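Chains as they are written, first to last, in my numbering: chain A, 1 to 390; chain B, 1001 to 1256; chain C, 2001 to 2093.
Think of the hints as simulated: they come from the structure by calculation, not from any bench.
Please read all numbers here as calculations on a predicted model, not as lab measurements.
All residues carry an ideal CB built from backbone N, CA and C; glycine is no exception.
Treat each hint with caution, since some may be false.
If you want the ones that stay clear, here's a sample from chain A, every Cβ over 10 Å from chain C, calculated [said to hold, decoys possible]:
no. : residue
1   : K47
2   : A54
3   : Q185
4   : G207
5   : Q278
6   : K311
7   : D339
8   : L345
9   : D384
Covered stretches of chain A, going by a simulated chain C footprint (3 or more residues, C-beta under 8 Å) [claimed, not checked]:
no. : segment
10  : 11-24
11  : 89-99
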Amino acid sequence: MPIKALTGNEAMAEAMRQINPDVVAAYPITPATEVVQLFAQFVADGKVDTEFVAVESEHSALSACIGAAAAGGRVMTSTASQGLALMHEMLYIASGLRLPMVICEVNRSMSAPINIHCDHSDTMGSRESGWIQIFSEDSQEAYDSVIQAIRISEQAFLPCMVSLDGFIISHCMQGINELTDTEVQEFIGEHKTPYSLLMDGHPFTIGALDLQDYFFEHKRAQIEAMENVLPIIKSVGKEFSKRTKRGYGFFEEYMLGDADICLIALGSCAGTAKVAIQELRDKGIKAGLLKLRVMRPFPYKEIVSALFNIKAIAVLDRSTSMSTMGGPVFIELRSALYDNPVHPLMVNYIYGLGGRDIFPRDIVEVGQKLENIKRTGKIEKMIDYIGVRE
Amino acid sequence: MEVVSTIFPYTAWNVPYIHSAFENSAATISGVEAAYKAFKKKGKIKKKLNFIAFGGDGGTYDIGFQSLSGAMERGHDILYVCYDNEVYMNTGIQRSSATPMGAHTTTSPAGRVIPGKTQFRKDLTEIMTAHDIPYVAQAAPSHWLDLTRKVEKALSIKGPTFINILSPCPLGWRYPPSQTIEISKLAVESRFWPLYEVENGKHKLTYKPKKEVSMEDWMKLQGRFRHLFTGKNKNVIKDCQKQVDRKWEKLWTLQS
Amino acid sequence: MTKPGWRDLAIGAILEKGGTALEFKTGDWRTYKPIWSQEKCTSCLFCFIYCPDFCIEIEDGKMIGINYDYCKGCGICKEICPKQAIEMILERR
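Using the sequences and the hints, build the whole thing.
Written out as structure tokens, the structure reads:
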């Protein structure tokens, strides 16, 4: 297994090269531009057989992906932030038509004010669009997840986005354990569709007008398909770990076994949190981390059972929701815990908006506060902000 | 198109068909055509297939304009057909950039101070010509032989082709449905809608109007222009005539 | 007719069979009905080419009638006919 020093963008582009999709339709946007231009170079150098469609917008990028997927192609694209927002209309159409495809997504804040740096508001803003959403802590995870996403998406007949944190990961060099091209091809197998626009002798109609008497049934089936994604992610992850010894589930538990307080994080912050957990342990605080990988579908049953012995939880959200009830992970997790006989104390920390750095010392402080909440049973502030000037 | 032709569980199409959104048929078919090319390269498909996208004037001149321009510039092997009924009829008679000056629509209503749409229509056929694609044509249902010949020609040409078809609309233009072909004929005869094609940059009139039909003759048959025939609004008709004459002269020069 | 439940529908609201709109009859939208006179008709087939709903029935190049299942009574055929072989009457149901 070759090891290469790659940035997050390079790692995702490399995975795309090895997947060798039939069609890639994409439009550049900071900080995901590199993925698109590296892939264009692979096409220019004949390293892939892909038809690369250099479209005039992200809306057209996803529209072309939808056309290509409906034609039976294995399809990929890449985007970030405003680009994902411009795709928003088409996200729902891709999932509603049950078309497999993969977006290599680079997390970046949503304008305004305009900002090119990392937070999760773009990905979280499309969390109800019917896409499977997988977050990555680092480039290795992103590389591995992109390859798995092809299998997951094609098996579930649902589109999937794999995201990594803009600049922090996308532009940061890391040693990547790569699979060989043959191994990737063996793993993803051939793309098979039960129907396609190009199937000879079958005049399929895709995208009919679906009114009051059928729409609800089609949506119900789509929800069911989303429920069926969890076992697919599990089995694909298991198979992947057989080849690579890198196991992937819905989340990673870090020192959670004997912990009585827990931090929840996703993306690159999980790496920082691991350092902080060590420090908290040194201080005698029994802290653990649950690093969420799969945001959609939300693996609520599994999370709840992993948190069974936890007395106090701090959720670190790198985006917020304008409900004023906290960030998206916080809100969903609180709802997931509602049926538990014993409710852990829960606080939410919004951090890192627009690329504001978060340091181990910030998370250590969160851990100490959480320890205090556990001891006193008192929450002073349910929702708080890390690193914002008053 | 999906609204009239594919109401689940029925479809009027006996060929593979996809509708994804309103404004992106050009981008969607780009993807289908790209997949076809990929499969052809890999030997998975051998057959020659035609790729045709349809849009109304709303989805083509306006909200889908960027998507169309992009697809044409990229050179996909597709035919794009615009059914231009000069108004948004999906939502019910709202102005588009294809709506002629003076027409009453629900978003350019004729009122006490404003006599309907105050702008000339956008000349999309010429904008497509400016894309320097191998074939662009304008057609009308009244001249069906001319229309079918243009479609056949467009499909025989490799690369992006575009046909703009005038589609008279009884409800939006306010005339009895039985008059559809007559209205289309007079649009051509009045030189409002010249029948021509542009092959590899060369303009050619495919029909030379025989009768002297003025804009007024054409407009008076349609209720959407009724308000122009009273008082000071008559000037609008003159302006429309001037514009049509000017464009006709330009086209005449280009083709000769 | 009982409609299928969500488990029984094809994936992604796809329609697997083409041309099924033939089962959806639209003739009852009609107010006026075209009546064809075989005597006057010369089978020039202008009506066939201009009918927006393909309702002019032909056999061996000759007009044989009008398909009222889909005819919406627009009257284009009457207008276009050079021999006045079609007249429109108010339809009573």
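Verification of the supplied hints:
At the 10 Å boundary, the C-beta of A:K47 stays outside the reach of chain C, the nearest C-beta of that chain being 32 Å off. Listed as a non-interface residue, A:A54 keeps its Cβ farther than 10 Å from every Cβ of chain C; the least gap is roughly 28 Å. Annotated as non-interface, A:Q185 keeps its C-beta farther than 10 Å from every C-beta of chain C; the closest such distance is 26 Å. With a minimum CB-CB distance of about 7 Å to chain C, A:G207 fails to clear the 10 Å threshold, and the non-interface call is violated.
Listed as a non-interface residue, A:Q278 keeps its Cβ farther than 10 Å from every Cβ of chain C; the least gap is roughly 47 Å. Its beta-carbon lying about 42 Å from the closest one in chain C, A:K311 satisfies the requirement of being farther than 10 Å from that chain. Under the 10 Å C-beta cut-off, the non-interface status given to A:D339 relative to chain C holds; the minimum distance is some 26 Å. With a closest Cβ-Cβ approach of about 40 Å to chain C, A:L345 is found to remain outside the 10 Å limit, as its non-interface label requires.
The beta carbon of A:D384 is kept farther than 10 Å from every beta carbon of chain C, the shortest such distance being approximately 43 Å. With 0 residues having a beta carbon nearer than 8 Å to a beta carbon of chain C, the segment 11-24 of chain A misses the requirement of three or more and the stated coverage is violated. Taking a C-beta to C-beta cut-off of 8 Å, the segment 89-99 of chain A contributes 4 residues in contact with chain C, enough for the three needed, and the coverage statement holds.
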